[in-house]
Amino acid sequence: MKEDIKVLLVDDEKLVLRSMEKSLWRAGFGVESAGNAADALTLFAETMGGAAPFDIAILDLNMPNFEGQVDPNAGLKLLSRLLAMQPGFPVIVLTAFDEVERAKEAVRHGARAYFVKGRETDLIALVDSIVNAA
Amino acid sequence: MEKSTLAERRAALLHAGAQVSRNITSILDADVLLARTVDIICETFGFYYAGVFLLDETGEWAVLRAGRGEAGAAMLSEGHKLKVGGLSMIGAATGRNKAMIALDVGDEPVRFKNPHLPLTRSEMALPLAVGGKVIGALTVQSVEEAAFSEDDITALQAMADQLAVAIHNAHLYTENSRLLMQATRHARLLMAAAEVSKGVTSILDLDELLHRTVDIICDTYGFYYAGVFLLDATGTWAILRAGRGEAGAAMVAAGHKLQVGGLSMIGAAIAERQAHIALDVGEEAVFFRNPYLPLTRSEMALPLVVGDKVIGAVTVQSVEAAAFSAEDISSLQAMADQLAIALDNAYLLRELEAAHAELVRTKTFEAIATATTEAIHWIGNKALPITVSVQRLREDLSALSGVAPERVDSMREDLALIESSARLIIRVKEQLIGPAREYRPAPAMIEDVLKDTVRMMDIPAAMIDYAITPDVPLGIVDTTQLGRAFRYVLQNALEATENVAVPHLHVEIAPTAEGGIRYVATRLSNNGPSIPEADMPKIWASFYTTKDAEHPGLGLPACVQIIKQIDGQLTARNLPEGGVVFELLVPAFVERETESTVSLPAGKRFLLVDDDDVWSRFVERALVEAHNTVSRRGDGEIDYAAFDAIIVDGVLGQVDSTVVLNDIARAGAAEKTLVVASSVRVERTLDWMRFGVRDVLIKPYTRAALVATLG
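Heads up: the sequence lines are chains X and Y, in that order. Everything in the first sequence is counted per my numbering, starting at 1 for the first residue and increasing by one. Everything in the second sequence is counted per my numbering, starting at 1 for the first residue and increasing by one.
Be aware that one or more of the hints could be misleading.
[Said to hold, decoys possible] Lysine-lysine pairs mimicking BS3-like chemistry, simulated, CA-CA at most 27 Å apart: (1) Y:K604 / Y:K538; (2) Y:K133 / Y:K83; (3) X:K6 / X:K104; (4) Y:K382 / X:K22; (5) X:K14 / Y:K382; (6) X:K104 / Y:K672; (7) Y:K98 / Y:K133; (8) Y:K564 / Y:K538; (9) Y:K672 / Y:K604; (10) Y:K538 / X:K104; (11) X:K104 / X:K77; (12) X:K14 / X:K77; (13) X:K22 / X:K6; (14) X:K6 / X:K77; (15) X:K77 / Y:K564.
Because the hints were derived from the structure by calculation, they are not lab data. As the structure is a prediction and not an experimental result, all values here were calculated from the model.
Construct the complete structure from the given sequences, taking the supplied hints into account.
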């Protein structure tokens with residue numbers, strides 16, 4: 001059941017965040033969201049080891065970091081922290097069009113996939129494929 | 001002759017001799033001295049004619065330098081001269097250094113019969129000698145037979161000796177005066193050179209320096225005209241940058257330029273790095289006949305040299321023929337050398353200023369570009385959720401009940417409008433952001449970049465043909481950006497040929513040069529309709545399109561931006577037979593690699609997965625020459641584990657590279673696999689990386705780049 005799959009969605013772009021939330025909900029996923037790295041880490045830590053831990057995270061790269069400063073690598077830093085806490089945890093990294101080196105960097109940091117914003121139908125399929133493969 | 005008469009004549013002769021001597025010794029101008037001498041002799045002695053001959057520089061001819069009356073004037077105008085040692089009495093007197101007398105000219109065999117002096121009956125030729133050296137001769141002639149006595153000879157020879165000394169003194173005086181004038185002029189020229197140097201070396205503004213220089217030269221030396229030419233960037237033309245007066249201003253305004261090594265004196269002076277002088281411009285082959293300077297009779301062109309570099313030349317012109325001496329050349333060249341240093345300093349300052357201005361421009365551009373990029377991102381990101389929201393609304397609409405169908409249709413139409421606008425905004429964002437990405441120019445095979453783009457666009461092979469010049473040089477480009485530019489141009493061509501029965505694209509790739517710069521030209525022509533000539537300039541403008549609202553009109557402006565960033569050129573023109581050709585020029589890579597600078601691995605086994613194309617042949621050759629084994633992927637079973645490294649071209653003609661990568665991953669060989677592509681995009685890169693390959697990289701097109709790629 002998709003409702004049993006819980007997605008951590010992190011982006012400081014409120015409209016994008018809300019749109020993705022709706023798309024994931026409509027696709028049947030459970031979603032909790034955060035607007036920065038610090039809040040996301042808190043959410044993740046609170047649920048980790050509990051009855052309903054996150055199954056996958058979708059992170060923006062450019063957002064406020066743990067110190068509250070807008071940081072183009074905040075998503076990568078959060079990714080590292082999540083993987084340190086739960087090795088092998090599946091993460092999809094979001095960013096804008098055509099940033100090849102950053103995409104490669106994210107994959108090298110342990111991201112399962114990298115997703116260009118605005119193509120949410122493909123995102124649903126991607127989340128499905130990663131969760132089902134796990 | 002009676003004693004008293006004889007005594008009187010002797011006294012008169014002595015008196016006359018003394019008078020002649022007194023008169024001539026005070027005259028220092030040689031021409032005046034000789035003219036006065038012949039008059040005094042005739043007036044004092046009552047002779048019919050007197051004339052003075054002086055030896056020429058060769059010593060072989062006695063040339064008449066002064067002659068009494070009309071006869072003398074006529075002979076002077078004829079350039080009358082007599083051979084030293086010849087049959088004439090003057091010839092004999094100068095040849096033998098001995099007075100010659102003919103008391104009856106009819107009996108004298110050596111006398112030259114002179115039609116200008118028909119009445120002569122007696123003639124005497126007296127040598128003019130100083131210190132035993134003959135310098136000429138004096139002739140005196142009488143209408144009387146036997147007119148000269150021994151006393152006359154003695155008296156006249158004494159006078160002739162005085163005359164010789166006076167002539168010698170006059171010559172010395174003239175020579176001394178000439179030397180003095182020369183020294184004075186030389187000193188003045190050196191002072192002028194110093195003045196020019198002082199004037200120009202303190203000026204650092206290039207334009208002011210050039211204009212002040214021509215004024216200072218003309219004012220100081222009194223020349224008719226001076227001008228300064230500087231070499232253009234190509235080094236093939238000398239451009240007039242400053243000229244004296246109205247003529248100079250007119251020539252500068254007309255863009256007056258002369259070819260280096262051409263027929264002009266400036267062109268020759270620059271090419272040969274040495275001064276050129278035309279003392280009579282009519283006789284100088286390399287003189288450039290200039291309608292702005294009709295009075296020029298002498299011209300000097302001086303190269304402007306700093307170290308081993310020629311930066312231009314100075315022309316100075318005079319209205320006088322033979323206006324320049326050897327001293328002038330050395331003085332003016334010294335001035336030109338100082339000017340060259342001053343110009344070089346001004347150049348350096350200008351370069352510094354230009355570098356500073358460029359820095360300010362770059363920083364300003366960076367600030368604007370950053371702000372623009374952020375603004376484009378911001379707007380684009382805001383539009384991103386719209387298309388997804390529209391999709392959700394459309395799904396919800398289908399589930400609605402109790403709404404009139406026409407209302408539903410209207411809502412669907414509105415949603416389509418909203419979605420179309422949002423997609424357009426996203427497309428504009430991507431087309432604007434693309435060219436603004438960071439550039440990493442490197443040598444690349446233009447043919448390979450183009451063919452990869454064609455494959456990625458799935459353009460059928462039958463629709464396109466190629467004419468590629470063998471050994472075309474590499475271009476210096478960012479291959480991802482060039483691939484993007486090719487994509488825009490190819491897309492444009494595909495759209496242009498949509499309604500053509502048999503659409504066809506033709507590509508030429510060839511080396512070319514413009515303005516001394518070498519390029520690689522890619523000419524992409526299509527057989528679609530021509531572009532109206534009036535529209536041709538507009539196609540490069542942002543947001544100009546003749547297509548529907550789905551086309552933002554940014555493809556070609558983005559191409560221009562991409563090509564300009566690599567110092568290339570992009571043009572378009574209609575073909576006479578119909579259709580349009582776009583020409584992309586990118587700078588050629590002209591350096592040659594030396595083997596010592598690159599060190600490829602040796603003794604390795606490589607598997608190369610690629611079509612048999614120009615790039616794979618280059619890689620195979622380089623690796624084999626470095627003593628590696630290179631295998632190509634064929635159709636049969638492959639033992640991937642047998643290779644030390646696998647190189648996969650991400651864009652293959654016959655097979656999808658992900659199929660090959662899947663095989664490699666299943667064989668456990670992904671970690672030693674490199675995927676390369678002429679241009680990389682996020683989706684494709686991640687598609688390849690998810691097979692666990694070592695890396696995805698831009699294709700190397702030189703041995704040095706191949707070394708870096710192989711790590």
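Structure-based check of each hint:
no. : hint            : verdict
1   : Y:K604 / Y:K538 : violated, 55 Å
2   : Y:K133 / Y:K83  : holds, 17 Å
3   : X:K6 / X:K104   : holds, 26 Å
4   : Y:K382 / X:K22  : holds, 16 Å
5   : X:K14 / Y:K382  : holds, 10 Å
6   : X:K104 / Y:K672 : holds, 17 Å
7   : Y:K98 / Y:K133  : holds, 12 Å
8   : Y:K564 / Y:K538 : holds, 18 Å
9   : Y:K672 / Y:K604 : holds, 12 Å
10  : Y:K538 / X:K104 : violated, 39 Å
11  : X:K104 / X:K77  : holds, 15 Å
12  : X:K14 / X:K77   : holds, 21 Å
13  : X:K22 / X:K6    : holds, 14 Å
14  : X:K6 / X:K77    : holds, 21 Å
15  : X:K77 / Y:K564  : violated, 37 Å
Against the hints set out earlier in the document, violations occur for numbers 1, 10 and 15.
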